[in-house]
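Chains as they are written, first to last, in the numbering used here: chain A, 1 to 114; chain B, 1001 to 1117.
Misleading hints may appear alongside valid ones.
Facing chain B, a subset of chain A residues (Cβ under 7 Å, in silico) [said to hold, decoys possible]:
| id | residue |
| --- | --- |
| 1 | Phe9 |
| 2 | Ala41 |
| 3 | Gly42 |
| 4 | Leu43 |
| 5 | Leu45 |
| 6 | Tyr48 |
| 7 | Asn52 |
| 8 | Asn66 |
| 9 | Gly100 |
| 10 | Lys101 |
| 11 | Phe104 |
With a straight-line cut-off of 30 Å between C-alpha atoms, the simulated DSS-like cross-links for lysine-lysine are [as the list claims (entries may be wrong)]:
| id | chain 1 | residue 1 | chain 2 | residue 2 |
| --- | --- | --- | --- | --- |
| 12 | A | Lys67 | A | Lys56 |
| 13 | A | Lys68 | A | Lys56 |
| 14 | B | Lys1078 | A | Lys36 |
| 15 | B | Lys1011 | A | Lys36 |
Treat the hints as calculated values from the structure; they're not laboratory data.
We put the beta carbon where it would ideally sit given N, CA and C, even for glycine.
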Amino acid sequence: GEDVEQSLFLSVREGDSSVINCTYTDSSSTYLYWYKQEPGAGLQLLTYIFSNMDMKQDQRLTVLLNKKDKHLSLRIADTQTGDSAIYFCAESPDGSGNTGKLIFGQGTTLQVKP
Amino acid sequence: DARVTQTPRHKVTEMGQEVTMRCQPILGHNTVFWYRQTMMQGLELLAYFRNRAPLDDSGMPKDRFSAEMPDATLATLKIQPSEPRDSAVYFCASGLLRGTAGANVLTFGAGSRLTVL
Chain A
1 GEDVEQSLFL SVREGDSSVI NCTYTDSSST YLYWYKQEPG AGLQLLTYIF
51 SNMDMKQDQR LTVLLNKKDK HLSLRIADTQ TGDSAIYFCA ESPDGSGNTG
101 KLIFGQGTTL QVKP
Chain B
1001 DARVTQTPRH KVTEMGQEVT MRCQPILGHN TVFWYRQTMM QGLELLAYFR
1051 NRAPLDDSGM PKDRFSAEMP DATLATLKIQ PSEPRDSAVY FCASGLLRGT
1101 AGANVLTFGA GSRLTVL
């Protein structure tokens, strides 16, 4: 089945690192994604990782993928108050051909305290 | 800066009324998705289209919801009759799917917040 699980809430202090975790079920997902949602807005793509990679770094963002455990994490270095948002992990189940659909987790609300 | 446009941004209606939400996908994108976001259920996939053809609407309550793409520049989601449990934010997203390779990058609209009294 298709299921993505995330913890619901994370609180950090400005300047600290944030780590948001996600587990997924569909081993056929070729790519895994992180999206960010700010209040009153739609989701915005942050980054994605190809399933044959175990790490991807993009400026302050580091994505780690453990394919064996179906575990994905997003690390934000030097977290800023502007990083406060909801972060969604998503898988792209395409065992029946690449349909383009994404299945999202519940989202992790990141609160950054000054 | 290409964007997905959704209307209306906010809608308050009474139970039993018809509601139509509209989406203009990004020009050139060949996939369109409708998602619903609630506190309890999170983001649920309702329906999606590829090259305007409906691929899957199994996430939608069929008796009251319908989704269509009358042309490449317009996708609609209709609820008739609406119920209080339909209150949610409805997102449209579009993407360019290239065969079986490549990441499925979706661009989301700002959403339509629906309140059914």
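* leucine 43 of chain A as chain B interface residue, shortest Cβ-Cβ below 7 Å -> holds, 4 Å
* Has the given pair, lysine 68 of chain A with lysine 56 of chain A, been kept, meaning a C-alpha gap of at most 30 Å? -> holds, 17 Å
* **Hinted contact leucine 45 of chain A with chain B - closest CB pair below 7 Å** => holds, 6 Å
* Does the nearest C-beta of chain B fall within a distance shorter than 7 Å of the C-beta of alanine 41 of chain A? -> Nearest chain B Cβ about 6 Å off; hint holds.
* Proposed interface contact between glycine 42 of chain A and chain B, which counts if any beta carbon pair is under 7 Å -> This hint holds: glycine 42 of chain A lies near chain B, its Cβ roughly 3 Å from the closest one there, short of 7 Å.
* Have a go at the phenylalanine 9 of chain A hint: is there a Cβ in chain B nearer than 7 Å to its own Cβ? => This hint is violated: phenylalanine 9 of chain A lies away from chain B, its Cβ roughly 13 Å from the closest one there, beyond 7 Å.
* To do: Report holds or violated for the interface hint on asparagine 66 of chain A, using the least CB-CB distance to chain B and a cut-off of 7 Å.
  => violated, 19 Å
* **Interface hint outcome for glycine 100 of chain A [beta carbon to chain B under 7 Å]** => Where the cut-off is 7 Å and the nearest Cβ of chain B is about 4 Å from glycine 100 of chain A, the hint holds.
* Using 7 Å as the Cβ threshold, decide whether lysine 101 of chain A counts as touching chain B. => Hint holds; lysine 101 of chain A Cβ to chain B Cβ min 6 Å, cut 7 Å.
* Should the hint that tyrosine 48 of chain A touches chain B count as held when the rule is a Cβ pair under 7 Å? -> At about 5 Å, which falls below the 7 Å cut-off, the nearest Cβ of chain B leaves the hint on tyrosine 48 of chain A intact, so it holds.
* lysine 1011 of chain B paired with lysine 36 of chain A [C-alpha distance capped at 30 Å] -> holds, 24 Å
* Taking the closest Cβ pair, is asparagine 52 of chain A under 7 Å from chain B? -> violated, 13 Å
Comparing the model with each numbered hint stated earlier shows that hints 1, 7 and 8 do not hold.
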